[in-house]
Amino acid sequence: MGFVEFYNAKDSHIWDKFREGNTSAFEMIYERHIKVLANYGNRMSGDAEMVKDAIQDMFVGLWRNRINLGSTDSIKFYLIKAFRRNLIKKIVAAKKSDAHVDVHSTFDGSFELAHDISIIQMEIEESKLNELNTQLDNLSPRQKETLFLRFYSGLNYTEISKTMGIRQQSAYNMVFRALEILRERMAHTFSSILILLISFPA
Amino acid sequence: MNFDNYKLSDFLMDESFHKWVENSNREDEKFWASWLADHPEKKNDADQAKKVLRSLSFKDKAFSKKEITELWDKIKSESILEKEADTKTVKFRPWKYLKVAVVIIPFIVAAVLFLFFRVAPKKKQVVERLLIEKSNPKGEKRTVFLSDGSKVKLNAESKISYLHPFDKNQRVVQLEGEAFFEITPDKDRPFIVKTGNLETKVLGTSFNIKAYPDEGNIMVAVKTGLVSVENTNYKLPNKQNKSIVLSPMEMATYSEETNQTTVSDYDSLKVLAWQDGTLYFDNATMEKFVKDVEKWYGVDIIIKRKKPILKGITGTFKNQSLEEILMGTKETSEFEYEFLSNGKILIK
Numbered sequence: 001m002g003f004v005e006f007y008n009a010k011d012s013h014i015w016d017k018f019r020e021g022n023t024s025a026f027e028m029i030y031e032r033h034i035k036v037l038a039n040y041g042n043r044m045s046g047d048a049e050m051v052k053d054a055i056q057d058m059f060v061g062l063w064r065n066r067i068n069l070g071s072t073d074s075i076k077f078y079l080i081k082a083f084r085r086n087l088i089k090k091i092v093a094a095k096k097s098d099a100h101v102d103v104h105s106t107f108d109g110s111f112e113l114a115h116d117i118s119i120i121q122m123e124i125e126e127s128k129l130n131e132l133n134t135q136l137d138n139l140s141p142r143q144k145e146t147l148f149l150r151f152y153s154g155l156n157y158t159e160i161s162k163t164m165g166i167r168q169q170s171a172y173n174m175v176f177r178a179l180e181i182l183r184e185r186m187a188h189t190f191s192s193i194l195i196l197l198i199s200f201p202a
Numbered sequence: 203m204n205f206d207n208y209k210l211s212d213f214l215m216d217e218s219f220h221k222w223v224e225n226s227n228r229e230d231e232k233f234w235a236s237w238l239a240d241h242p243e244k245k246n247d248a249d250q251a252k253k254v255l256r257s258l259s260f261k262d263k264a265f266s267k268k269e270i271t272e273l274w275d276k277i278k279s280e281s282i283l284e285k286e287a288d289t290k291t292v293k294f295r296p297w298k299y300l301k302v303a304v305v306i307i308p309f310i311v312a313a314v315l316f317l318f319f320r321v322a323p324k325k326k327q328v329v330e331r332l333l334i335e336k337s338n339p340k341g342e343k344r345t346v347f348l349s350d351g352s353k354v355k356l357n358a359e360s361k362i363s364y365l366h367p368f369d370k371n372q373r374v375v376q377l378e379g380e381a382f383f384e385i386t387p388d389k390d391r392p393f394i395v396k397t398g399n400l401e402t403k404v405l406g407t408s409f410n411i412k413a414y415p416d417e418g419n420i421m422v423a424v425k426t427g428l429v430s431v432e433n434t435n436y437k438l439p440n441k442q443n444k445s446i447v448l449s450p451m452e453m454a455t456y457s458e459e460t461n462q463t464t465v466s467d468y469d470s471l472k473v474l475a476w477q478d479g480t481l482y483f484d485n486a487t488m489e490k491f492v493k494d495v496e497k498w499y500g501v502d503i504i505i506k507r508k509k510p511i512l513k514g515i516t517g518t519f520k521n522q523s524l525e526e527i528l529m530g531t532k533e534t535s536e537f538e539y540e541f542l543s544n545g546k547i548l549i550k
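Chains R and X supply the protein sequences, listed in that same order. Counting from 1, one number per residue, gives the positions in the first sequence under the numbering used here. Counting from 203, one number per residue, gives the positions in the second sequence under the numbering used here.
Read the hints as simulated data drawn from the structure, not as lab findings. Hints should not be assumed to be uniformly reliable.
Said to hold, decoys possible - Sample of chain R residues facing chain X (criterion: CB under 7 Å; computed from the structure): (1) GLU49; (2) MET58; (3) VAL60; (4) ILE67; (5) PHE107; (6) ASN133; (7) PHE151; (8) LEU182; (9) ARG183.
Just so it is clear, CB atoms sit at the ideal spot from N, CA and C, and this is done for glycine as well.
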């Protein structure tokens, strides 16, 4: 590929080169962010074709409009925001017409409490982990989306609020409540294991 | 920022603490490591928070490597590879010449200006227009984005061609094969799709056109908006062309044999399913089944049967492999298949 020079480059540098029309920089932007965009899109909609279309649409639009773009320090945030807007437009359009589009009205968090780590380091039983997974699954779609943006995509609360169009406080609260649930259930688990250990000395 | 009063929940919510737990940021790592060394009484809470955060992870839901590469190829062909179109368009800037004329020979300015404005329209006509052709071989589908934002989903073994940029007062493309169009509304520039003798005209709607040269029919099915379909090979007594207006859920079928166009309803599942990866058969003959499968997967199928297959083939196959489809239909349709060494498939 021609983008070896961009392997370790900073976001602002790659972005500027891309705006100047450097195709390797453009490709680097795709390579660096396709995974997070795909993970985000596939959780918002079950229609893989639509998600791919939204990604294609956005990148093509980016290239054609590069001259009018400003500079940025976080390409990831910029792309996630634009992608979300693009995909939601498509989802809404598909819902209006009677299309054969598989659209989830929920956000598929696909949380997977890290089994190996949890079991070995934290000594939590498999069944408890599954319980926790279910708890996370029962969160509202918006809560799951904020969790995803915070912990998978690594956006800060300002960026999350701008992406989802919610107040920063709301984003904060949603993450807080979700983590509280997790923590409470885990503490529950800890204490029950503790009781077990006390009652049955090894 | 005073962390002395941090409780477990505060650790849980702190972004920089997250980064330390993830080991993703050098500065955060240094900060928290040293802060915790200074505040051993907080170690318990911090550890608990760490455990909670560490346990929260996500399944990977991206696309396969192949899909990621294919998607990039599509993006590339729609963006980077169309660069030439931009650079070839001549941007006419009279002001550059104006400055020179004013500085060097002021009294000729008027004459020069007059000349340029007279010549300008001609110059614009000499702007190079590219003939763009996008075609899919058997077994491949893709989405093409036009310069006005319209989207064309091109099916396998299909080709779309157009001049870039579009005309001032109309947008014209030629289609061979099948495509689903989502056209950006522009009431000053009708969008026209030419398929042999048939011309389909819209202002901004979505519709599907099927015009494979080996089938004797051309079908135009409307999803949203209004579409006008005209047979340019048919002149009414008053020498005008005959045109039909279609509304959503209506389809026009033009037969090359009879040179006639009929209007009917259509089963949207049958007609539009190909776009989201669904292959659909409704009591199809063996010939149609084979032809569609050949096109979809890009394979060659040879039929060697003594007994003709009487039962029609019916089924909906979404994102399935060729093997899955063959296996799924062979029982009910009573045929056997074999993958030959030369890559073709034998149906017996």
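These are the hints, each one checked on the structure:
no.	hint	in the structure
1	GLU49	holds, 5 Å
2	MET58	violated, 9 Å
3	VAL60	holds, 5 Å
4	ILE67	violated, 10 Å
5	PHE107	violated, 11 Å
6	ASN133	violated, 10 Å
7	PHE151	holds, 6 Å
8	LEU182	holds, 5 Å
9	ARG183	holds, 5 Å
In this structure, the hints that do not hold are numbers 2, 4, 5 and 6, in rising order.
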